[in-house]
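S.K.: Line by line, the protein sequences are chains A and B. Residue numbering for the first sequence is 1 to 250, as defined by this note's numbering. Residue numbering for the second sequence is 251 to 500, as defined by this note's numbering.
I should point out that these hints are in silico values taken from the structure, not numbers from a laboratory. Computed from a predicted model, the values in this text were never measured in an experiment. Possibly wrong hints are sitting among the right ones.
Claimed, not checked - Derived pair list, reagent style DSS-like, types lysine-lysine, alpha-carbon separation capped at 30 Å:
no., chain 1, residue 1, chain 2, residue 2
1, A, LYS211, B, LYS325
2, A, LYS75, B, LYS302
3, A, LYS52, A, LYS164
4, B, LYS414, A, LYS211
5, A, LYS164, B, LYS461
2 protein chains.
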Amino acid sequence: MPGPETAPLFEEARRLGIGFCLGYAELAEDGGARRRYNTAILVERDGRIVAKYRKIHLPGHAEHEPWRAFQHLEKRYFESGNLGFRVSDAFGGRIGMCICNDRRWPETYRVMGLQGVEMVLLGYNTPIHNPPAPEHDALSWHHNTLVMQAGAYQNATWVVGVAKGGVEEGVHQMAGTQIIAPSGETVALAVTEGDELVTADCDLDLCRSYKESVFAFHRHRQPHAYALITGTAGVVSPDQAALIDPSLGR
Amino acid sequence: MPGPETAPLFEEARRLGIGFCLGYAELAEDGGARRRYNTAILVERDGRIVAKYRKIHLPGHAEHEPWRAFQHLEKRYFESGNLGFRVSDAFGGRIGMCICNDRRWPETYRVMGLQGVEMVLLGYNTPIHNPPAPEHDALSWHHNTLVMQAGAYQNATWVVGVAKGGVEEGVHQMAGTQIIAPSGETVALAVTEGDELVTADCDLDLCRSYKESVFAFHRHRQPHAYALITGTAGVVSPDQAALIDPSLGR
Numbered sequence: 001m002p003g004p005e006t007a008p009l010f011e012e013a014r015r016l017g018i019g020f021c022l023g024y025a026e027l028a029e030d031g032g033a034r035r036r037y038n039t040a041i042l043v044e045r046d047g048r049i050v051a052k053y054r055k056i057h058l059p060g061h062a063e064h065e066p067w068r069a070f071q072h073l074e075k076r077y078f079e080s081g082n083l084g085f086r087v088s089d090a091f092g093g094r095i096g097m098c099i100c101n102d103r104r105w106p107e108t109y110r111v112m113g114l115q116g117v118e119m120v121l122l123g124y125n126t127p128i129h130n131p132p133a134p135e136h137d138a139l140s141w142h143h144n145t146l147v148m149q150a151g152a153y154q155n156a157t158w159v160v161g162v163a164k165g166g167v168e169e170g171v172h173q174m175a176g177t178q179i180i181a182p183s184g185e186t187v188a189l190a191v192t193e194g195d196e197l198v199t200a201d202c203d204l205d206l207c208r209s210y211k212e213s214v215f216a217f218h219r220h221r222q223p224h225a226y227a228l229i230t231g232t233a234g235v236v237s238p239d240q241a242a243l244i245d246p247s248l249g250r
Numbered sequence: 251m252p253g254p255e256t257a258p259l260f261e262e263a264r265r266l267g268i269g270f271c272l273g274y275a276e277l278a279e280d281g282g283a284r285r286r287y288n289t290a291i292l293v294e295r296d297g298r299i300v301a302k303y304r305k306i307h308l309p310g311h312a313e314h315e316p317w318r319a320f321q322h323l324e325k326r327y328f329e330s331g332n333l334g335f336r337v338s339d340a341f342g343g344r345i346g347m348c349i350c351n352d353r354r355w356p357e358t359y360r361v362m363g364l365q366g367v368e369m370v371l372l373g374y375n376t377p378i379h380n381p382p383a384p385e386h387d388a389l390s391w392h393h394n395t396l397v398m399q400a401g402a403y404q405n406a407t408w409v410v411g412v413a414k415g416g417v418e419e420g421v422h423q424m425a426g427t428q429i430i431a432p433s434g435e436t437v438a439l440a441v442t443e444g445d446e447l448v449t450a451d452c453d454l455d456l457c458r459s460y461k462e463s464v465f466a467f468h469r470h471r472q473p474h475a476y477a478l479i480t481g482t483a484g485v486v487s488p489d490q491a492a493l494i495d496p497s498l499g500r
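Same shape as in the complex, but just chain A:
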């Protein structure tokens, strides 16, 4: 990266002094093995690639399920990223990335928040229709906004969520690109499903008032009570929970 297809993008962005975040399907060679990741890179205004992120939370399923209106085979075609949720000093601040479904998980933002992130960049291609749970469809917009605003506020960071909109291969994508301040307020929003340029002046210093008060992590967080978060992936019974975190014993 850049390859022949993306070199013109890199060249034009560098000429204009514009940085960007670019998502792509990555074929990686790790110790002789071929691995496939859902990847994003962060490119500085001078054209340098300053960070790479490999998507950690892969939604969907691993096998073809013919009853679905369309497939969602991320668990088949990718593996969970092995680079963690890193942050990078770039664009005059501390920048992190995640991808699509990652935005629904508070852990995503928190790991970056604990590294002082000031802006999280993410892209998402989210169908409005959720085949296993169509009762969620009407709430797509609410859920999308809710998780990104909460991630921004609870970690005192800007969040820039860039969406695909409109119909692609018969699938209606939800759109809703938005830029969210550390206050949890959406300050810029796409209002159509077509191509739009959504911009905002993002003063990274606005993070400070939250990072130094309600979310001054070093004064207020209590990791002694969080062991379950890293101690299990799935739901456990209260008795199993007490084996992971003895303070939960009764």
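Please build the complex by placing chain B on the supplied structure of chain A, with the hints as guidance.
M.R.: Same frame as chain A, now just chain B:
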């Protein structure tokens, strides 16, 4: 508990077959030491105390700060609770509790979500004015709703947040009692600062559609990437982060 002041509450509730959650300042004897906690208990419809919670996230400050319009000395008068975020099988479901500032922390809901919680009960006395950050005051309602709705949705649980409203000892409390469904939708809301009875039919089975799809934790969570959440209370540099979680190394 119940003591002489609360016995009439317990008696009347039992007579009516109504359970409740009650917050109070607790003076505890732990191994000979006197300890003070900000505590809530869960009382079943037959009057039994089925769970106790001691507040974990204590906001505010530990020393008198005369510049403030009012003091917020929770860190002086209480210590962080030592019972974790437990859940209890009660009221035909799995119930958890937290208190006030706990609701702003995604870890609170997640620890209970990982134990299959179906309803989180919490009370809060939150001033509209935040002395160290008055620029947040106008957003009190947004932040309050945001964190509780996100906690509900991201953990597929009902959240019942019960607020103090109106002016007490010269401090204006934000009110905003609400009952939130696992969809992240507020289904009942107090609309004044006075006494109100806010009710909703809370079908705990509505949790299932979220617990089994987008938030099927065992299929989708990735604790390999969460080490920082339990590995540090406060913000660390990216280099320090890599010592805690080697996958963050560069």
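S.K.: Hints first: check each against the structure and report whether it holds.
M.R.: We went through each hint and held it up to the structure:
Proximity of A:LYS211 to B:LYS325 is assessed by CA-CA distance (about 18 Å); at most 30 Å being required, the pair is judged to hold. Taking the CA atoms of A:LYS75 and B:LYS302, the gap is about 41 Å. The hint is violated against a cut of 30 Å. A threshold of 30 Å between alpha carbons decides the hint, and for A:LYS52 with A:LYS164 the separation of about 21 Å falls inside it, so the pair holds. The straight-line distance between the Cα atoms of B:LYS414 and A:LYS211 is roughly 26 Å, inside the 30 Å bound, and the hint therefore holds.
Among the hinted pairs, A:LYS164 with B:LYS461 is consistent with the structure: their alpha-carbon atoms are about 26 Å apart, no more than 30 Å.
Of the numbered hints listed earlier, the single one contradicted by the structure is hint 2.
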